[in-house]
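Visitor: Protein chains in written order, with the numbering used here: chain A, 13 to 376; chain B, 13 to 376; chain C, 13 to 376; chain D, 13 to 376.
No wet-lab data here; the hints were simulated from the structure. Just to be clear, a hint being listed does not mean it is correct.
No distinction is drawn between identical chains; accordingly, a pair holds when it is met within one copy or between any pair of copies.
[Said to hold, decoys possible] Straight-line distance between alpha carbons at most 27 Å, and here's what the computed DSSO-like set of lysine-lysine pairs gives:
| no. | residue 1 | residue 2 |
| --- | --- | --- |
| 1 | Lys352 | Lys376 |
| 2 | Lys299 | Lys373 |
| 3 | Lys376 | Lys36 |
| 4 | Lys142 | Lys327 |
Protein chains: 4
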Amino acid sequence: MSAKNLKPKPESQRVGFAIVGIGKLSAEQLIPAIRTGQDAYVAALVTGDVEDTLQFSRAYDLADDDVYHYDDFEALAQRDDVQAVYIVLPNSMHREFVERAAKIGKHVLCEKPLASNLEDAKAMVKACKKAKVLLMTAYRIQYTPHHWEAKKTIAAGKLGQLKVMDSIHTHVEPDPTVWRLDEALAGGGPVMDIGIYSINTLRFLTGLEPQWVFAQGYQPKNDPRFAEVEESMSIMLGFEGGLIANILTSYGAQSVSTVHVLGDAGAAVLDPAFAYRGIELSIRNDKAQVAPQFAAYDQFGLEIDHFAQCVRSGKTPYTPGEEGVQDHRIFEAVYKSARKGKRVELKRFDGQDVFRGTPPKLPK
Amino acid sequence: MSAKNLKPKPESQRVGFAIVGIGKLSAEQLIPAIRTGQDAYVAALVTGDVEDTLQFSRAYDLADDDVYHYDDFEALAQRDDVQAVYIVLPNSMHREFVERAAKIGKHVLCEKPLASNLEDAKAMVKACKKAKVLLMTAYRIQYTPHHWEAKKTIAAGKLGQLKVMDSIHTHVEPDPTVWRLDEALAGGGPVMDIGIYSINTLRFLTGLEPQWVFAQGYQPKNDPRFAEVEESMSIMLGFEGGLIANILTSYGAQSVSTVHVLGDAGAAVLDPAFAYRGIELSIRNDKAQVAPQFAAYDQFGLEIDHFAQCVRSGKTPYTPGEEGVQDHRIFEAVYKSARKGKRVELKRFDGQDVFRGTPPKLPK
Amino acid sequence: MSAKNLKPKPESQRVGFAIVGIGKLSAEQLIPAIRTGQDAYVAALVTGDVEDTLQFSRAYDLADDDVYHYDDFEALAQRDDVQAVYIVLPNSMHREFVERAAKIGKHVLCEKPLASNLEDAKAMVKACKKAKVLLMTAYRIQYTPHHWEAKKTIAAGKLGQLKVMDSIHTHVEPDPTVWRLDEALAGGGPVMDIGIYSINTLRFLTGLEPQWVFAQGYQPKNDPRFAEVEESMSIMLGFEGGLIANILTSYGAQSVSTVHVLGDAGAAVLDPAFAYRGIELSIRNDKAQVAPQFAAYDQFGLEIDHFAQCVRSGKTPYTPGEEGVQDHRIFEAVYKSARKGKRVELKRFDGQDVFRGTPPKLPK
Amino acid sequence: MSAKNLKPKPESQRVGFAIVGIGKLSAEQLIPAIRTGQDAYVAALVTGDVEDTLQFSRAYDLADDDVYHYDDFEALAQRDDVQAVYIVLPNSMHREFVERAAKIGKHVLCEKPLASNLEDAKAMVKACKKAKVLLMTAYRIQYTPHHWEAKKTIAAGKLGQLKVMDSIHTHVEPDPTVWRLDEALAGGGPVMDIGIYSINTLRFLTGLEPQWVFAQGYQPKNDPRFAEVEESMSIMLGFEGGLIANILTSYGAQSVSTVHVLGDAGAAVLDPAFAYRGIELSIRNDKAQVAPQFAAYDQFGLEIDHFAQCVRSGKTPYTPGEEGVQDHRIFEAVYKSARKGKRVELKRFDGQDVFRGTPPKLPK
């Protein structure tokens, strides 16, 4: 009954974050995750509407002067207790705020996709390098016990030689006014918002980079939601040695998220593969289907704690900016292929996990 | 992107709780649930070791003078912002603290089982009645969408006439020093700690009270964990109209939690039935197996929000003290039957949901 | 493309069976199983209505003189190609036909339950012993890869020490005229017809015999189906070392068949446990849930092939008459306990698999 | 206990089949299915090796003169009891035997794929038309309750507007000497043998024909199994209204068979989708996952019984030759696209179920 060893640890041992962009994701997932995690705490909020955010921040026990307007972002420079910022803004605003954060010497965790286009993504990496601050792309899937178990199973050769892969990530986006459907803010449609999970997870699980892309999409003419971005996209990715992946993504179809990685000696299946809770992994062969079990975890908490640990240690995050840049290379090729109706070759990157940094510590 | 409608609401609109007893359940489940819920907030902590609790409370942004020693519990009387206390202590301490809370006019949410014996449980109900404060037994299972969907399905007759029921709730308690294995503190073994879920859930799902009990248990001679309490108990409950339930509970067996309610036209199956996360409900007949789907929820949050709403409205909680008393009647009969090796008759309570109060509002 | 190694083998290498009792089970399960199996073939049919059976036998390519009336059963003595009989009659007729078969020197495979009461069951074993013919009780569950995998897992200690067990076997018997509801023909209700699966499977999986029984049943007053036999029965079985099992069986409830065997290091779960097709086994602990996979098989085919192999080799079947007798001892105790409302002690049998013979060869 | 209404019906009421090609599929699936079905019976076998087939045919109670050599196929003309032939030969032999069957006036059920190329497939349809015999392509998936339930759910609009589809069908073909890996005999690789299930089932479920194809395959250089045919193929199919399907097939990867049909209001998921036994269908939306349940059935039995009913009634089978021809059009486009690395347009067929005949009667 001693309270001595209870979590969380005192703030003095944790890394203070400013959350930049206070919307549903911040309020319902990220801030609760930080507040029930181990290595980070919420030190400040940065918002477009200070007044509205105050009532929210008070509910979370923050002082009123912990809330900043976007325009006053640079005031964070004075806050020694803010060591990192978490950018949770529309894609097209990522570059501006990452660059402003770099300038005032704050480490940056940035939501995926890293930017709204490849050029911006590259510029962000450059800015952070120059300022000697860490930049991490927030790929929560690369920090969970389930997905790491799948990756390790593959790396250990338990599926044999990989032959084919398949991933589906769809859901219905009902609100035509959401910024994700505005090309100027988002840079693209479901490919960049949810298809990114399929692309990024297959890259993560195999440690490989695709060499070519074929894609075909659909953008209905009479649906106000899809005036600017695609509704659906079907993507084929080719890897070294004939390994091929099929990917399906849509803002117009019932929620499904699956991953199948098939080798000649076994299969790894994640279904659901990308849900916030309840990921299920099955490792299968002719003899048995094995479903590894893990203690409950918060995906966002694991991802944020990893970044906080990197801030303290100075190590490169497992998913640095470069990892986010590579997805943008693939997005460009996807859209180009969809326009031209033919295969597009990608820049070659050989080797394993070429863009990744220090592996995260996984929960026991 | 407006932060205006984000949750949680300001504290001024929520009910302040003092958490009495700061251990693993408080730290890992209850406090996070309150802090990410809607209607409650943590205003104070009451603990046996203020020093140890301070580092914990600071991590949660509480002021140092929000932490009280058990001995100073009555100081909460001065705290207008503390409207309710949540008792999270060993069973044998429930009565003392419920009575002390009643005396200073605080409403009480008390962990299950309500007490360590029937007599104490009845005394607690009496004390709260006299003091005109609300008393609620913290049965999280009676507040979730999954279990309510099962209850409504049964009430609507979709399973036909109920015929037989079965429930298993087991897990391995590895630590011989835990208070749950100390009879003076716990009042009994797995029957009262986890078997209670099976008993209480079958009572909840059917709305019926059992009329007789048969039970047989096992207490190994050479296992230090079970020097004082049973390791396992098998329980048979008889209801009106020939409906019989089998229940199995153990501190010595691999974690399993299931409920089967079988009627002549269908079956309701919960598996896992009692886990903190990932409850699965299946309504089955010869034509189809239907698994109702719900948005993610926090079981403790729903339970605590219900009590906070009752505190504001003055309505009787859905699981008041009387609901907890009835489980103690059944525990007494279980232990008596196990000792005597024969059926024990229970006091008759006819009618539906005879001990329950205002139904909770379920999340959409 | 060579037909040389195709199955089935020629009849000359297989054991000829006379099927005694031509109903739904014979027609839809047993005869197709024999005809698609390896070691047996249908050489004759014995029936109460030769005329009706002829059209059926012709559809199965049998000659008209392969069909016998019950009265002419002894004519099988002349049929050298009939080495065994399979008794598929109402329970109360088992004894008569097993004794008649023994007299004419035919080996006997007898449907479960072995008889309609303990006395008959014992007499049948005695008669076959005396006549030096094999007697096997047709427990299909003791011949499948899934149930054997569970048994081996338990025997290898992978679940640790066994602590508690639970089994449910229910279905709705809609037809009030069926012989299974006629006590004179059946000897009892669901306990003996489907509860037998729960009892027998837990005995098989653990290799242990129960030491005591408690049971309570229900027989509705106004349901014509249950004028003579119970509708439901709840059964508690006590084994050595405090291991307890709960069993639930009913002719009035939606089809469910489950087995849970729980140890301190793991659990074996079968669900469905007793279906003709689609058995699923899960071996679980905190690290993983493993579902062993097997090639498709016919449960009846495996059981019958085992008996045919015993006929050829002269070895004792894995489930001889004695195995069936033991279930009758338990039935007697179940009904006695249900009548008296108290625990009934069983005759003690220590050791492992005390009634079982030569283990079956399992399919690869 | 009367045998009067037992199945199967006498042969005189059933349609006699000659099975042409006696291998594993005939011996383990088709003949048992016919023998336990309702409307067909095995009247003759046609084989390349009469001697080897005799021991097999005797085990199945056939007379020795019911076995014919391929060369003597025309002798079936004299057999009035043989009304239909079932062609179970390597793909490249289909045309010859279908044409020979048509010449002697026998109706033809032909295994899938209908032929080894589009030209042969068309010729077979023409030959049967001219001879006025029925020709059916043996697509077992178009005859099961599970797949029909999915089709009806889609047709009733319960998934809303269809948006995207995905199907995987893979297994490891270990034997380099099997005719399926010989291009002269098979006409192609996994696309035509197992990918055909994905293509054909998506066509069946939606009732639509694809308008374009993109495909990329892989044929390893150093694997003797894939000297002549592809190991894997990834296929994208475009339908009217922007509906896109991803298909993955391989002879080199662990057995998986799935179908996802996703609409804006729901999803239909089959997993496994194409196994001989144990098909599981799930109809999903945000409120519930519904798994329709059906009595056990034999897929081959249903398909063959349908054809036998057509033979008796003279109606066009649900999957006539034309249905098989259309898959060959798609195969041609798949291979062409894979060679050229770009989209290939298909001949347009508007309307619903344009190639299909009389729907089958489904089992209750």
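Visitor: Need the list of violated hint numbers for this structure, in ascending order.
Guide: Violated hint: only 1; rest satisfied.
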